[in-house]
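Asks: Sequence:
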Amino acid sequence: MGLKIRLARAGAKKRPYYHIVVADSRSPRDGRFIEKVGSYNPMLPAEHADRVRLQDERLTHWLSQGAVATDRVARFLGRAGLAPMPAFSEQPKQSAPKKKAQERARAAAGA
1 MGLKIRLARA
11 GAKKRPYYHI
21 VVADSRSPRD
31 GRFIEKVGSY
41 NPMLPAEHAD
51 RVRLQDERLT
61 HWLSQGAVAT
71 DRVARFLGRA
81 GLAPMPAFSE
91 QPKQSAPKKK
101 AQERARAAAG
111 A
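Residue 1 is where the sequence shown starts when you use full-length UniProt numbering, and the numbers rise one by one after that.
Errors might be hidden in some of the hints.
Think about it this way: if two alpha-carbon atoms lie no more than 30 Å apart in a straight line, the pair counts; the simulated DSSO-like pairs of lysine-lysine are [what the hints assert, rightly or not]:
hint, residue 1, residue 2
1, K4, K36
2, K93, K4
3, K14, K36
4, K36, K13
5, K4, K14
If you're looking for bench data, these hints aren't it; they were derived computationally from the structure.
Throw the hints in and build the complete structure from the sequences for me.
Replies: Okay, here's the thing in structure tokens:
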């Protein structure tokens with residue numbers, strides 16, 4: 001059984017609210033979970049204290065048991081200092097300028 005620490009949506013339409021849960025990787029997103037270990041409210045400003053709430057001792061317990069955090073939850077854990085901050089590139093490779101656009105930009109910068 002693979003354990004995941006992931007988000008489970010619980011908000012109303014157009015008003016998202018997420019629970020951070022430990023669940024079996026085979027269970028559905030909003031389905032059965034083992035334990036609720038925090039919450040995330042994206043409607044609050046980024047600097048607000050209640051935007052991300054975590055239960056530190058329970059998260060460290062589950063991480064020691066082999067639970068793997070999803071990308072978004074890994075960022076929360078990295079900011080809280082519970083796990084190493086994951087490395088994410090800011091710009092996806094797919095949306096990066098292509099070869100001709102890069103050549104034009106170099107030519108414009110050189111001229």
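Asks: Hint by hint, say whether it matches the structure.
Replies: Status of the hints after comparison with the structure:
1. The straight-line distance between the Cα atoms of K4 and K36 is roughly 12 Å, inside the 30 Å bound, and the hint therefore holds.
2. Proposed proximity of K93 and K4 is supported: the alpha carbons are some 27 Å apart, at most 30 Å.
3. This hinted pair checks out: K14 and K36 have alpha carbons roughly 23 Å apart, not beyond 30 Å.
4. For the hint linking K36 to K13, the alpha-carbon distance of about 22 Å falls within 30 Å, and the restraint holds.
5. For the given pair, K4 sits about 26 Å from K14 by alpha-carbon distance, which is consistent with the 30 Å threshold.
In summary, this structure violates none of the numbered hints.
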